[in-house]
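**Student:** Chains as they are written, first to last, in the working numbering: chain A, 1 to 137; chain B, 1 to 152.
FYI, nobody ran anything at the bench for these hints, they're computed from the structure. Cβ coordinates follow ideal geometry from the N, Cα and C atoms, glycine included. Any given hint could be a false lead.
[Claimed, not checked] Covered by chain A, according to a simulated footprint, are these stretches of chain B (three or more residues, beta-carbon under 8 Å): (1) 6-16; (2) 37-51; (3) 104-111; (4) 125-134.
[What the hints assert, rightly or not] Some chain B residues well away from chain A (every beta-carbon gap over 12 Å; in silico): (5) P2; (6) P56; (7) P75; (8) D76; (9) G78; (10) A116.
[What the hints assert, rightly or not] Across the chosen pairs, the derived CB separations fall in these ranges: (11) B/H40 to A/R18: 34 to 44 Å; (12) B/A13 to A/F32: 40 to 50 Å; (13) A/E92 to B/A13: 39 to 49 Å; (14) A/S3 to B/P2: 47 to 57 Å; (15) B/G100 to A/S20: 39 to 49 Å; (16) B/R82 to A/P89: 17 to 27 Å.
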Amino acid sequence: MSSLQPGGSLGPVEYVVRRSDLVRYAGASGDFNPIHWSQRVATEVGLPGVIAHGMYTLALAGRAAAEWAGGPHRIVELGSRFTKPVVVPDDETGVVVEVAGAVRETDHDGRLRIDLTVTCGNQKVLGMARAVVTRDG
Amino acid sequence: MPLAPDLAGREFAPTPPLDVSRSQIAAFADAIGADDPVHHDVGAAHAAGHLDVIAPPTYPMVVAFRAMSAFMADPDVGIELRNVVHSEQRFEIRRPIRAGDVLTATIGVDGVRQAAGTALISTRSTVRTVDGDVVCVAYATLAHRAPEGAES
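Bound-form chain B, shown alone:
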């Protein structure tokens, strides 16, 4: 199954809304060992000037990952999961995600480059609140090896 030839420039539907809770933020922070109280304690978050506990800077990936997974599973895109590697990730953070946010991610393809049998797919997932405020733009490069006997 080849990659769709018209991927560049395409935009996909937003992910279903994700309610961000205090306990999810704490669990994510715990998993990466981030013990800053602004992730765990509402009082500390308020004292630091935040409206509620805030998430670590890579937390937007939780939302973007849903968009990326749906994109990679879309038969019209033509990605074979076993041939794809997440090769690069960058976040532009407009404001920290906080408990109470309800977020969606919309993925689009900025471009596709071919390099030695591998397609480098540049994606951009825009993470927004349901009110339309952009909180983060997550840029991911997916390296997709050409299937069918094209040994790497």
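Same shape as in the complex, but just chain A:
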């Protein structure tokens, strides 16, 4: 946790995403949009294949931020744009999403901002991804 200070860099950490994770996430979140589990529907709407929920990818970014900040309760803001889809193959290997962070000051004394770089195969998949975290509490 020593790099959770302004100017510090965090990670990167790697998360493997498999098709089964998306099915579990669909059930746990209530988002059953078939582009996140059906190859047929995904390709019918012009996608290269089944894609992860944008919220799944953002949840991974939040997971990294929570680990760096010392717990999920420290996160007071989290958000991003969904810029590129994460295509998840129907195999055992899945796909790797990588999350790195850069720590910045905020105007608020007890808070830090973590600018998150979230990539899949060297492509940024989230835009303007950031978390604001409290230092204590």
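Fit chain B to the given chain A structure using the hints.
**Tutor:** Chain B in isolation, oriented as in the chain A frame:
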């Protein structure tokens, strides 16, 4: 079916209350691989100063998604589901959601901007306990392509 011209500033009815259980929180945490014991173990949650197991920071979406789905399906709004993409999401978290919370979400439209045949609809879903405490405000931008031959 065009977008309703008077969307900006409108507020919609709250979603039916959702009871948040320990097993739902654990299932959500498992789905995203969040193995922090504060999501899974009441004792660990207590030891960390929480009243019960707490949910991961994006869990408010489970409640907000219900409000967003109802909004997008509302014929008075005029969204065509196949033309809409969730393009941006941000959470302002007042406190972690925990097991035992009973939550509703109320969606409102902050504004609508037009950009190259796409309407960018800024929504704000306020997630509250049934006692009225705001736990999270979830801001979503929905990009709605203009229907009827307006190729993107």
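**Student:** Next, verify each hint and record whether it holds.
**Tutor:** Hint check:
1. 6-16: violated (count 0)
2. 37-51: holds (count 4)
3. 104-111: With 0 residues in contact (Cβ-Cβ under 8 Å with chain A), the coverage given for the stretch 104-111 of chain B is violated.
4. 125-134: violated (count 0)
5. P2: Answer for B/P2: holds, closest chain A Cβ roughly 22 Å.
6. P56: 6 Å, violated
7. P75: 20 Å, holds
8. D76: At roughly 22 Å from the nearest Cβ of chain A, B/D76 sits farther out than 12 Å, so the non-interface label holds.
9. G78: B/G78 is indeed farther than 12 Å from all Cβ atoms of chain A, at 20 Å.
10. A116: B/A116 is indeed farther than 12 Å from all Cβ atoms of chain A, at 16 Å.
11. B/H40 to A/R18: 34 to 44 Å: 21 Å, violated
12. B/A13 to A/F32: 40 to 50 Å: 23 Å, violated
13. A/E92 to B/A13: 39 to 49 Å: 45 Å Cβ-Cβ, so the 39 to 49 Å window holds.
14. A/S3 to B/P2: 47 to 57 Å: 50 Å, holds
15. B/G100 to A/S20: 39 to 49 Å: Roughly 30 Å apart at Cβ, these two residues miss the hinted range, so it is violated.
16. B/R82 to A/P89: 17 to 27 Å: 25 Å, holds
Violated hints, listed in ascending order, are 1, 3, 4, 6, 11, 12, 15; each of the other numbered hints is respected by the structure.
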